[in-house]
Every structure is written in structure tokens, then in C-alpha cells.
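Number of protein chains: 2
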Amino acid sequence: MEIIKDIARLRERIREVKKKGLSIGFVPTMGYLHEGHLSLMKTAKKENDFMAISIFVNPLQFGAGEDFEEYPRDLARDEMLARSTGCDLIFSPSVKEMYPTGYGTFVEVKKLTEGLCGASRPGHFLGVTTVVTKLFNLLRPDRVYFGQKDAQQAFVLKKMVNDLNMDLEFIVLPTFREDDGLAMSSRNKYLTPEQRKEAAVLYKSLKQARKLAVEGERNVEVIKKVISDIISEAGHAQIEYIEIVDTQNLRSLHMLKGECLIALAVKFGQTRLIDNIILEV
Amino acid sequence: MEIIKDIARLRERIREVKKKGLSIGFVPTMGYLHEGHLSLMKTAKKENDFMAISIFVNPLQFGAGEDFEEYPRDLARDEMLARSTGCDLIFSPSVKEMYPTGYGTFVEVKKLTEGLCGASRPGHFLGVTTVVTKLFNLLRPDRVYFGQKDAQQAFVLKKMVNDLNMDLEFIVLPTFREDDGLAMSSRNKYLTPEQRKEAAVLYKSLKQARKLAVEGERNVEVIKKVISDIISEAGHAQIEYIEIVDTQNLRSLHMLKGECLIALAVKFGQTRLIDNIILEV
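Going line by line, the protein sequences match chains A and B. Counting from 1, one number per residue, gives the positions in the first sequence under this note's numbering. Counting from 1, one number per residue, gives the positions in the second sequence under this note's numbering.
Bound conformation, chain A alone (with noise of 0.2 Å):
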């Protein structure tokens, strides 16, 4: 496994790579890896022949006030579990080798980047967009792939891929959960023990939603205020959002109809936690 920082030497390797028609495989992350990245990558690894992961924490996604310079950060670990996913490369790029002075291009998906946490994070989507275009430049990859638990995420870069056909294989996989059926992320690891104990109630939540529609529940209202009362008895749980929307464009429902997707995001003290599950009735 080579670890590589700069991108003169980076093409190069991909060059090689290429020229001995091994299929690629790509995973961008912002480290800090957890079984879900791992997930990612061990599926990554058995569907190509070289397998890539990017470790990278994008400033251009991370709003004013939010967590850019808190982010979780540990390369040492994240190498020692990406070798054991039989990782054949990490890109580990600097800020400036990815925006050097005078950057000023971007990618930008407009409409589904409105809602959900576009709205709650404005210039978000920009920045996760202009930098998976730049990775995906670099890596010249033949499969990428995203976990389900950041949905709004993994729509807008499928509508991406496909809007300026870029040639690759969007695959999407489903969100790793703890035993409590809290979702994996790198940012879990905010929360207090009692934080943590009470973040359990999103996926309960979720669960219950799911329940409802299984019994018959269409009405949108009647299912966000079940989701918004179990969240409730989580005494630090201040909800961000409850959305329930088409998965075809990301707008909201008054009626549960054909794939719709129940997201959330809910802050437990300054941890701003995200979760969702998808819906076909």
C-alpha cells in the first residue's frame, strides 16, 4: 500500500495502473475510518482489481462556525485499517494541493442541494461536489463508492456523475449501524457517553416510520410527528430536521408514494448527527 500526497506523483501511479488495464475502485473519505468506510472498502476491493481511497477533510464543505478544524484526524490508525481492507493506495493530498492560491472552479448541482441539509448548510453540496470531481480526475476510477447514511449526498453526486458523464459506476451502499442501530460516522465519536446512549432514538425512530408505512400510514404529517416524539424523549436531541421526500427529486411529500426517503438531523449538544432510511410503497 503506497500513501501519496501529491498529485504529480499520484497520476503517475494511476498512469501505471491503467496502462496494465487493472480496473479501479475508489472510496474518498475524510478518514478518521469506521466500519462503514471499511465496508466501502472491502466491497471496493473484491469488485476491482486496485483499490483507492482518498482520505481528505474538504474546508470547501465545511460552512463558517461548523467542525473543519475539530474534525477527528488520526492517519496512523486510518493506514493501519485501510492495510487491513487490503487498501492499495491512500491519497492524502495537503489543502493547498488541492485549492492552491488563486483556485476558482466549481461543480454545482442545483435543486436537490435545495432541501434538507443543503438548506441547514448552505455552500455544503458545492464543496462536496467540486472536490469528488477533482478526486474522480485523479483517480480515473471505473467504481466509486458511497455509503447510504449521507442520502442527500449520494443523490447529488449520482445526478452529477450523470448530468457531465463522467464514466464510472456510481454504487451506493447500505449505512453500517451499531449494535443500538446508531449509524456509523466519524463524528459519533462527539458525543458524551450520555449523548451517545440517546442517539440510539434516530434509528429507532426511523424504525418506527418504517412500521407505520408497512401498516398502512400515508399520511407524511402523521409519520414526521411519530419520528419528532420518539426523537423528544432524547433529553439533549434538538432536531435539525424531519424530511420525508421523493427520492426522484429530493421534494417533499404530503404522501408516502412510490420511493420516498425519511431523513434527518438532529444535534446532540454542538454533534449535528445525520440518519435516513428509504421507503417503497
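If you are wondering where the hints come from, they were derived from the structure by calculation, not from laboratory data. Careful, some of the hints might be misleading.
Per the computed footprint, the stretches of chain B lying under chain A, defined by three or more beta-carbons under 8 Å from a beta-carbon of chain A, are [stated by the list, open to error]:
1. 135 to 142
2. 153 to 164
Residues of chain B clear of chain A, computed beta-carbon distances all greater than 10 Å [claimed, not checked]:
3. Ile4
4. Arg11
5. Gly63
6. Tyr71
7. Gly86
8. Gly104
9. Thr105
10. Glu108
11. Lys110
12. Lys111
13. Ala200
14. Asn249
15. Ser252
16. His254
17. Arg272
Glycine included, C-beta positions come from ideal geometry on N, C-alpha and C.
We have chain A; now place chain B onto it with these hints.
Coordinates of chain B only, in the frame set by chain A:
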């Protein structure tokens, strides 16, 4: 030479070419080919194993009230001309193929797009950078060729290629001119015989500007006045802008210094023509 209209077939063809290890030279055009295009194509043919062009009048780069509908089109003629240069592939998609219903992803270069043509054609460069990104992703060229005539376009696209880490060589070739110096352009076809004759003042004024600079003149206002006076000799000319900018950032200069771009846009009736020269002082 194959003419391809749909993306699925194009992908197939490009994969075959790549599999053989052939290098691809690509010239994006809006068709109605002239000697300027042909010179780009001939160079692309010489420098690569496989030469492709696109012919696509891109609605996204035309503003309201601009000449999208009237832009000259003649695919049969273009086909014949392309064949004469040894072109291997013409990609000539429909608007619907490039921008299906619900299309929503855009690539934007900031700052460099604010002045010159960007100021008088808001949204123009957003359309150019978006379509060119799509075409690069579809054709996967090793080398791409643009004309110096569209100077700002070349600077903007070069910036995009660098910023987004697109893995290709960006080549700009000199402006091709008629015998009287008029820069070749598909839009020259719109000119009445009288306007066509007058339009030679554009290059005449730029040559005079170069002469002054060589003789030691450094004051931008003085040079712009001389250009303006020469262009005003043409009765039908309406000056849109005459600008002298630093090629590093396309910002206006007060005094000539370093590498300078002298660029102008002038209307003859409804026909808007552009031209430019680059000076090193």
C-alpha cells in the same frame, strides 16, 4: 470517419479506441467549420493517433436575445470538410441528448469570467465550461485544441482544466485570419458585403496597438484611444469593449506590463465580432 449522435454509441467507440492504446486529439466546435477549425483539426490529427471533433451548438452558452436559433448550421458541408482533414469521428448530439429533461449540473470558473465577454454575456462562460466538461468526459481526449481567437474562453477553460485536475493537455493555436486580417469566425457569414469589408479595421487596430507598444508606448488609455479611432473609421462599427488586461488574471491594466491581452468586441449591425492579440512587454 464515423458520425455519432448518441452517447451510448460514443462511449462504446471511445472504449475501443482507448483499449487499443491510441491517443485521442479532440477539437470541440459549434460546426460551420472554417479554416480556423481545420487548422486545429489538422494539428490534432498530426499529434494524435485518433482525431475527433464535436459539432454542437450549445444552447447553454447563448443568452436571451442572442443568436442561438440563427447560428449557422450545415452538417453535410462540415462532414465533407472534416473528412478532408483525416477526422476519425464526429460527435454531433441533439440538445436533448446533452441536456435531458431535469438536467441540473453546472461547472463555473469564477473571476476570470467576470470581465471582457463575460461582462456583456452573463452566463456565457458557465455554458461553455459545463458543455466542455461533458465533452471531455465523453471523448476522454489526451489533447484538446482551441483557437486563440476566443482568448478569454481559452484562459477560462485552461483554468478549469487545471483547477479540476482534468488529465489532458490543453493546446491553444494562433488565430486564423482572412487575407485582410479579419479573424475567421462562423459569424462572419452574417456580415453584409459592406460590413465584411469594414470589419478589417479590427485587426488593423490591433496591429497598430502592437506597433505603438513596440515603439515604447505603455499607457493603456493612449493605446485604447488609437484602437477606438481606427475602428470608428468603419461606419457600421459599434464598439462593445476594448480592454487591455493582464493574462494572469484578466484584470484591467493601467500600464502595459508583462504579458498583456488586448481584446475587443465590436458589433457590425447585429453581428458581434471579437478579436485579440497578446503582447509581451
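So, going through the hints one by one against the coordinates:
no.	hint	verdict
1	135 to 142	holds (count 3)
2	153 to 164	holds (count 4)
3	Ile4	holds, 14 Å
4	Arg11	violated, 7 Å
5	Gly63	holds, 18 Å
6	Tyr71	holds, 23 Å
7	Gly86	holds, 26 Å
8	Gly104	violated, 4 Å
9	Thr105	violated, 4 Å
10	Glu108	violated, 5 Å
11	Lys110	violated, 4 Å
12	Lys111	violated, 5 Å
13	Ala200	holds, 36 Å
14	Asn249	violated, 8 Å
15	Ser252	holds, 18 Å
16	His254	holds, 21 Å
17	Arg272	holds, 26 Å
Checked against the numbered hints above, the structure violates hints 4, 8, 9, 10, 11, 12 and 14; every other hint is satisfied.
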